[in-house]
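J.: Could you build the full structure based on these sequences and the hints that come with them?
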Amino acid sequence: MARSRKTSRDPDLRRWLLTGTLVALGLALLAFAVYLLRLDAEVQREFAAVRWVLPAQVYAAPLEIYPGAPLSIGDLRRELDRLGYREASELLGPGTYVAARNDLRIDTRRFAFWDGVQEENRIEVRGDAQGIGTIRVLGSTQTLDLVRFDPLLIGSIYPSHGGEDRVLVRLNEVPPLLPQTVILVEDRNFYRHIGVSLRGILRAALANLRAGHTVQGASTITQQLVRNFFLTPAQTLHRKLREALMAILLERHVGKDEILEAYLNEVALGQDGPRAIHGFGLASHFYFNKPLNELQPHEIATLVAIVKGPSYYNPRRYPQRVLERRNLILKMMADAGLLRADQYQREVAEPLGVSRGGSGGAVRYPAFVDLVRRQLAGLYPEEALTSEGLRIFTTLDPRVQSDLENRIQTDLPEIEKAHRMAPGTLEAAGVVTSVEGGEVLAVVGGRDVGYAGFNRAIDTRRPIGSLAKPFLYLSALEQPQQYTLDTPLDDQPVALKLPNGRVWEPKNYDRQLHGQMPLYQALAHSYNLPTVRLGLNVGVDRVRDTFARAGFDDVPAVPSIFLGAIDMSPLDVAQIYSTLAAGGFRTPLLAIRAVLTQEGKPLSRYPFKIERTLPEGPVYLTTWAMEQVIAQGTARWASSVLPPGQVYAGKTGTTEDFRDSWFAGFGADRVAAIWVGRDDNKPTGLEGATGALRIWARLMRDLHARGLDPTPPADVEDALIDPASGLLADAGCADAQALPFLRGSAPQQYAPCANAAQSSSPLNWFEKLFKK
Amino acid sequence: MRRKFSALALALLLAACATEQGRVSTTTVQPPVTTTPDAGAILPGAGIVGAPGITRPSPALPNYPKSIQDSGATPGVLALYRQAQEARAAGHADQAEAALERALHLDPRNPFVWQALADAHLALNQADQAEAAAQKSTSLAHGNPYVEAGNWRLIAAARQARGDSDGALQAQARADDIARALAKTP
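So the sequences go chain by chain: A and B.
What the first sequence shows, in our numbering, is residues 101 to 872, in sequence order.
What the second sequence shows, in our numbering, is residues 54 to 239, in sequence order.
None of these hints come from the bench; they were simulated from the model.
If you only want the chain B side, here are some residues facing chain A, beta carbon under 10 Å, derived:
| # | residue |
| --- | --- |
| 1 | V130 |
| 2 | W167 |
| 3 | Q188 |
Distance ranges between label pairs, derived from CB positions:
| # | chain 1 | residue 1 | chain 2 | residue 2 | range |
| --- | --- | --- | --- | --- | --- |
| 4 | B | D123 | A | A200 | 34 to 40 Å |
| 5 | B | R215 | A | D559 | 36 to 42 Å |
| 6 | A | R778 | B | G220 | 48 to 54 Å |
| 7 | B | D181 | A | P513 | 45 to 51 Å |
| 8 | B | P118 | A | R642 | 35 to 41 Å |
Note that the structure is a prediction, hence the values are computed from the model and not measured.
Just so you know, even glycine gets a beta-carbon here, dropped at the ideal spot from N, CA and C.
T.: Put into structure tokens, the structure is as follows:
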């Protein structure tokens with residue numbers, strides 16, 4: 101009974117247990133189903149909403165060549181190298197060239213500009229050391245008048261607090277070898293598994309065991325993508341499970357190719373300061389300075405090597421380590437039949453070939469990209485700039501930029517040495533612009549030209565000293581009834597009672613007095629006393645107005661502005677000197693030419709905007725006086741450097757206690773403003789002429805800046821002047837000098853030495869006799 | 054006879070014109086010769102003429118280029134100029150503008166390119182820019198009457214577009230005067 105009771109009880113218990121288990125299992129299954137459903141919804145939602153974070157890409161101005169262009173064949177070759185074109189023994193597709201002595205055969209890259217597409221072209225360029233001769237289409241007799249190369253990618257606008265940067269690629273546009281290699285190395289079963297791969301896990305385990313260390317990961321490409329997309333990198337069991345489930349779910353909704361394409365764009369491939377390099381498209385530029393479709397097999401292998409761990413396999417830091425892994429991958433490629441044996445032998449012998457640090461990215465020309473970013477900030481919301489893949493075409497001229505960088509890096513140490521300063525004492529900044537279009541061609545924000553830090557070209561605002569004088573003299577010359585270049589000015593002490601009760605007594609820099617001199621001499625030699633006297637007569641307001649018309653309106657209403665007590669940045673200086681250089685036409689300095697959407701649709705273009713704000717004649721006279729600064733004044737040293745027979749105009753600037761050394765000046769096509777000083781604003785002992793001028797003059801020489809056009813405007817005439825009397829001269833005067841005058845403002849009276857005077861006035865010879 | 058006379062008149066006119074443009078830099082050592090103010094009055098740049106200046110003796114008839122083809126422009130600039138003309142003719146003034154800016158990038162001081170740019174600005178309803186570009190063209194033309202006549206016509210149209218009828222009439226009169234003087238060429 102007891103037994104039967106027992107047996108009758110047992111089935112009860114068993115039933116209960118069974119039911120309980122079933123219910124628990126059911127509940128668990130239900131919970132799991134709900135979990136799966138939610139996960140599925142999340143996967144679908146997230147993947148559908150994937151919007152690539154695409155920082156705006158910033159391009160330099162394109163190189164254009166044409167018959168007669170003043171670009172030597174050697175220079176053209178250097179430009180091709182800068183653009184990442186590869187020299188080869190035959191043309192192997194876009195981005196390659198073949199070099200001979202006076203002849204380059206080039207396969208140019210196709211590129212979509214804001215105003216149309218430049219198609220790929222196979223051309224032959226003949227020329228010599230002077231310039232380009234002819235351009236011919238290869239395989240035909242057709243000659244070309246103009247070829248525009250693809251522009252250099254100089255950086256991107258990613259969020260200032262750091263973030264992802266990428267260049268989006270499409271699967272059908274990448275070289276097939278890339279996805280093949282990625283699959284071979286990362287996930288051999290990719291096209292067969294369901295998102296996770298048991299075989300993959302086994303094979304990886306086996307391979308790792310055989311190698312003695314990890315050579316293969318077990319995660320599928322889908323899992324890696326899911327990890328990057330949806331998950332945090334924490335290594336927990338739950339996360340691993342979640343990752344596997346999401347991978348399986350993702351595969352149910354999205355095709356293999358789409359997953360692969362997303363992976364190619366998402367995978368992390370490096371770090372550049374605060375900027376994370378994502379995807380193969382950007383990595384190709386970042387490491388090899390060329391587009392993805394021009395990569396060689398060994399370069400593809402290198403990028404795939406980095407996937408395993410971008411900091412451990414950083415090719416710039418650990419080249420040997422990366423080379424070994426690259427060669428291992430090349431071997432895998434050969435074994436899998438992706439490379440022929442002879443190809444493998446060739447590729448494995450190649451050096452790593454990674455470009456110098458910082459190329460293809462924002463660090464290339466940080467000061468210029470900073471200016472672009474600031475100019476864009478007022479035009480587009482930050483969000484649009486850092487995520488929508490806009491394409492920004494700028495005015496940067498890489499050749500001008502590299503000349504400016506070279507000068508500052510070469511000349512600062514030299515100046516320090518010459519003045520017995522410790523190396524690294526001085527800082528410098530410079531801006532170069534084009535004369536007629538107001539385009540910013542180059543910006544350097546400090547001697548460490550690749551450092552994306554404090555941008556002295558924009559953020560250093562220092563007194564400009566005598567750089568202010570041309571605008572005061574221009575204000576005077578706008579009143580031809582009162583002032584001409586010949587007007588005598590007194591170099592006499594001046595004392596001025598200021599509103600605060602103090603007395604201002606400016607001095608000449610040499611602490612000397614030089615007597616009476618014509619107006620242009622006072623500017624050429626940068627004498628302070630005649631300048632202040634002139635300024636007091638012209639008036640503070642008139643001078644401030646001239647500055648405003650030149651393009652700078654933050655000038656205080658005090659007499660010390662006559663000597664340059666105006667805080668300006670090198671960029672501000674370039675702006676006002678540009679207006680002089682352009683003959684009185686003001687153009688707001690612009691670093692951006694056009695903005696396109698990601699799809700290449702023009703969003704906006706920034707055309708030349710000019711306005712006549714300063715009168716042509718007086719600007720011509722002022723420029724003439726600034727030519728004398730170099731010909732005979734404070735910047736005479738420049739004549740030893742600048743090409744003979746060419747005329748340039750400029751002005752030195754030195755501030756109190758030699759804290760700032762400035763030079764700004766121009767020829768017919770280039771304006772350059774240079775500042776040299778110290779970050780702590782301590783005295784340097786440098787004048788404008790011993791500091792900034794050194795850089796400026798050599799820079800203008802390096803740039804092959806054209807000399808000024810000597811033709812005066814319609815309202816200017818030359819008159820021969822006798823320097824002794826300041827009156828009209830003729831053949832009778834030995835030391836006569838031609839001076840330009842606004843029409844009708846030249847002296848009417850003849851000098852005692854003039855024949856005309858002697859014949860017209862019988863008293864003249866008498867006077868002359870007594871004068872002698 | 055009449056042809057000869059008009060040729061002579063033009064020679065005088067252009068000579069005076071050259072004076073106007075101050076082509077005197079190296080020749081001022083000559084004793085002063087006074088020009089007749091009337092001759093200069095209708096010429097480009099007149100109106101800012103002060104007292105009669107010093108000039109050199111009448112030079113040969115200045116050989117001003119009539120078109121960009123004669124202006125020594127490089128093939129690249131000419132190609133872009135042609136491209137701009139085609140775009141302009143097809144009604145795409147914005148494309149013309151872009152091509153001309155590229156041309157100015159290569160040759161920033163060509164008055165014909167600036168003039169064409171003024172024309173493109175005008176077609177894009179940018180009257181201020183049109184007038185400024187025409188002024189720029191004139192200031193780079195060094196007294197070339199062909200260029201200056203065209204610029205005055207553009208300025209007239211720009212002023213008209215802005216609603217400045219008086220200014221437009223004045224500019225048109227300048228253009229007409231130069232055109233009349235040029236029409237007398239044999």
